[in-house]
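**Student:** Sequence:
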Amino acid sequence: MAQDKKLVESITPMDTDFAQWYTDVVKKADLVDYSSVKGCMIYRPYGYAIWENIRSILDRKFKETGHENVYMPLFIPESLLNKEKDHVEGFAPEVAWVTHGGSEPLAERLCVRPTSETLFCEHYAGIVKSWRDLPKLYNQWCSVVRWEKNTRPFLRTREFLWQEGHTLHATAEEAEEETIRMLNLYADFCEQELAMPVVRGPKTESDKFAGAVSTYAIEAIMHDGKALQAGTSHYFGDGFARAFGIQYTDKNNTLRYPHQTSWGVSTRIIGGIIMTHGDDSGLVLPPAVAPIQLVIIPVAQHKEGVLEKAAELRDRLKAAGFRVRLDDSDNTAGWKYAEYEMKGVPVRLEIGPRDIESGQCVLVSRHDRKKDFVPLDGLEKAVADKLEEVRLGLWKKAYENRERRTRACTTTEEIKASLAEQGDGFIKAMWCGSEECEDRIKEMTGVGSRCIPFAQEKISDRCVCCGAPARHMVLWAKAY
RNA sequence: CGGGGUGUGGCUCAGUUCGGUAGAGCGCUUGGUUCGGGACCAAGAGGCCGGAAGUUCAAAUCUUCUCACUCCGACCA
Numbered sequence: 000m001a002q003d004k005k006l007v008e009s010i011t012p013m014d015t016d017f018a019q020w021y022t023d024v025v026k027k028a029d030l031v032d033y034s035s036v037k038g039c040m041i042y043r044p045y046g047y048a049i050w051e052n053i054r055s056i057l058d059r060k061f062k063e064t065g066h067e068n069v070y071m072p073l074f075i076p077e078s079l080l081n082k083e084k085d086h087v088e089g090f091a092p093e094v095a096w097v098t099h100g101g102s103e104p105l106a107e108r109l110c111v112r113p114t115s116e117t118l119f120c121e122h123y124a125g126i127v128k129s130w131r132d133l134p135k136l137y138n139q140w141c142s143v144v145r146w147e148k149n150t151r152p153f154l155r156t157r158e159f160l161w162q163e164g165h166t167l168h169a170t171a172e173e174a175e176e177e178t179i180r181m182l183n184l185y186a187d188f189c190e191q192e193l194a195m196p197v198v199r200g201p202k203t204e205s206d207k208f209a210g211a212v213s214t215y216a217i218e219a220i221m222h223d224g225k226a227l228q229a230g231t232s233h234y235f236g237d238g239f240a241r242a243f244g245i246q247y248t249d250k251n252n253t254l255r256y257p258h259q260t261s262w263g264v265s266t267r268i269i270g271g272i273i274m275t276h277g278d279d280s281g282l283v284l285p286p287a288v289a290p291i292q293l294v295i296i297p298v299a300q301h302k303e304g305v306l307e308k309a310a311e312l313r314d315r316l317k318a319a320g321f322r323v324r325l326d327d328s329d330n331t332a333g334w335k336y337a338e339y340e341m342k343g344v345p346v347r348l349e350i351g352p353r354d355i356e357s358g359q360c361v362l363v364s365r366h367d368r369k370k371d372f373v374p375l376d377g378l379e380k381a382v383a384d385k386l387e388e389v390r391l392g393l394w395k396k397a398y399e400n401r402e403r404r405t406r407a408c409t410t411t412e413e414i415k416a417s418l419a420e421q422g423d424g425f426i427k428a429m430w431c432g433s434e435e436c437e438d439r440i441k442e443m444t445g446v447g448s449r450c451i452p453f454a455q456e457k458i459s460d461r462c463v464c465c466g467a468p469a470r471h472m473v474l475w476a477k478a479y
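Counting in numbering that gives the first Met the number 0, the first sequence runs from 0 upward without gaps.
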């Protein structure tokens, strides 16, 4: 009976069907619900809390680096969207349009922002006049709409939450510096807080953001070996400034175009967290963003003094600054273990009559189920240590997965063979720099270019595709 | 956009072949027994079968259209 139930309620094993595993976890961990509009999801409290934690960490980092938050309108007039040619061509196919106000047709239709470069530019044109007005370091937290055909929770939705930074600088050097600064800020956030290793580097020409001079990305590898772009940072040069007429007068009384950047991270990164750390028991959350960092499960809670002691520990740990939940519902302890494992709570604390008698409790880490018996004296320190242990444990696991899935190839045949034998992952291979080869490699092997890592290695002298002298080592992979 | 799968109480699904007026398990409510890895007994509540139109005396079941979810592929950050 218990066995049957387990079968019915368990999630699909990851190595049986990773896509199905992902959908199961997202639903069963109660992160989201579907809404009546395709591709628009409801963030349930537990899922939204993860985003809130991501947001508060990033927001603090943005402010530490001098950025200010603003809020731009939801709508962009068609004429405004059309001002920068590459930009509109990139986004036009997937924008949603508002054509009526009430029952009256609008004189000019409005698009629901797919990104806000044009709005920021229009505004900057109005407020920037002098070198004294620069730099402008703005960010906004909002949602954007891109009318995708295929949708998946977090990974590809029609409306998604994100932040978009838009900055304006006097010189190209300053703007380029900002582009890299924010890329590194994202990368550090992923690696340190999310325990998700990333590779940093520029995108190839064909893969750049619509209207950008250069686009940089951080790329992570998921459990199944497919790549996910966890964040991007773009350098625009003065192209948008010219298109939108943003000019300032410099110290020599010369009229100049400023240089611009934009950078963003979206709720997609939650999909990345799930696919990086999750396992067959469900979600595994890094402590920094886990809505519940530690769950207290009282054992034999009907026995005298157990709930009281559990509540006391909860209060102590709360006071110490941890996000703690005490589950005193009448489900059995075993049920609760499974439930919070599904939800990815990084550390579980068990406390029962025997523990109370001996002045200890049990701390169990989610990712490896390692049990530690720790004295109640000094529990705060033990919990802090355990959470740190989890963070490092997650990092190690994710890092090893990436390393195991990263290999160098020198021919397209080798790439094909490698994918067939070892499965998906990062392929390091040399590239001549031509778009033809990039396309051919995609066509022949199925992997696309992810980025040109800053950390270059010389795999060989020749392009993996055409054999011409190589210019870069590119990281190739199938991508989400 | 192309191909496959699925929509039936909150959840997982049976029932559709061959039309006859809706079932099971879990969950929920109440009471009792349990309690260190998804407990058990008893009683109870809860569904016009994704939506629309059609065929029929009669539709979850047949026909047409449509919507959503999901997987694979193409496209796309």
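No lab work stands behind these hints: they were computed from the structure. Cβ atoms here follow ideal geometry from the backbone N, Cα and C, with glycine treated the same way. One should not assume that every hint holds.
[Stated by the list, open to error] Label pairs and their calculated CB-CB ranges:
(1) 180 to 103: 44 to 52 Å
(2) 103 to 244: 28 to 36 Å
(3) 41 to 187: 14 to 22 Å
(4) 380 to 301: 25 to 33 Å
(5) 126 to 412: 20 to 28 Å
(6) 279 to 102: 52 to 60 Å
(7) 315 to 18: 37 to 45 Å
(8) 82 to 36: 25 to 33 Å
(9) 92 to 334: 25 to 33 Å
(10) 183 to 412: 30 to 38 Å
**Student:** The structure should be examined with respect to each hint, and the outcome stated for every one.
**Tutor:** Hints, one by one, checked against the model:
1. The supplied range of 44 to 52 Å is met by residue 180 and residue 103, whose beta-carbon atoms lie about 46 Å from each other.
2. Separated by about 31 Å at the C-beta atoms, residue 103 and residue 244 satisfy the suggested range of 28 to 36 Å.
3. At roughly 31 Å, the beta-carbon separation of residue 41 and residue 187 lies outside the given 14 to 22 Å, and the hint is violated.
4. Between residue 380 and residue 301, the C-beta spacing of about 31 Å keeps the proposed range 25 to 33 Å intact.
5. Taken as a hint, the range 20 to 28 Å is violated for the pair residue 126 and residue 412, whose Cβ atoms sit roughly 56 Å apart.
6. A hinted range of 52 to 60 Å holds for the C-beta pair residue 279 and residue 102, which are about 54 Å apart.
7. The beta-carbon spacing between residue 315 and residue 18, approximately 42 Å, falls within the hinted interval of 37 to 45 Å.
8. Judged by the Cβ atoms, the range 25 to 33 Å given for residue 82 and residue 36 holds: they are separated by roughly 30 Å.
9. Between residue 92 and residue 334, the C-beta spacing of about 48 Å breaks the proposed range 25 to 33 Å.
10. Hint check: residue 183 to residue 412, Cβ distance near 36 Å, so the stated range 30 to 38 Å holds.
Violated hints, listed in ascending order, are 3, 5 and 9; each of the other numbered hints is respected by the structure.
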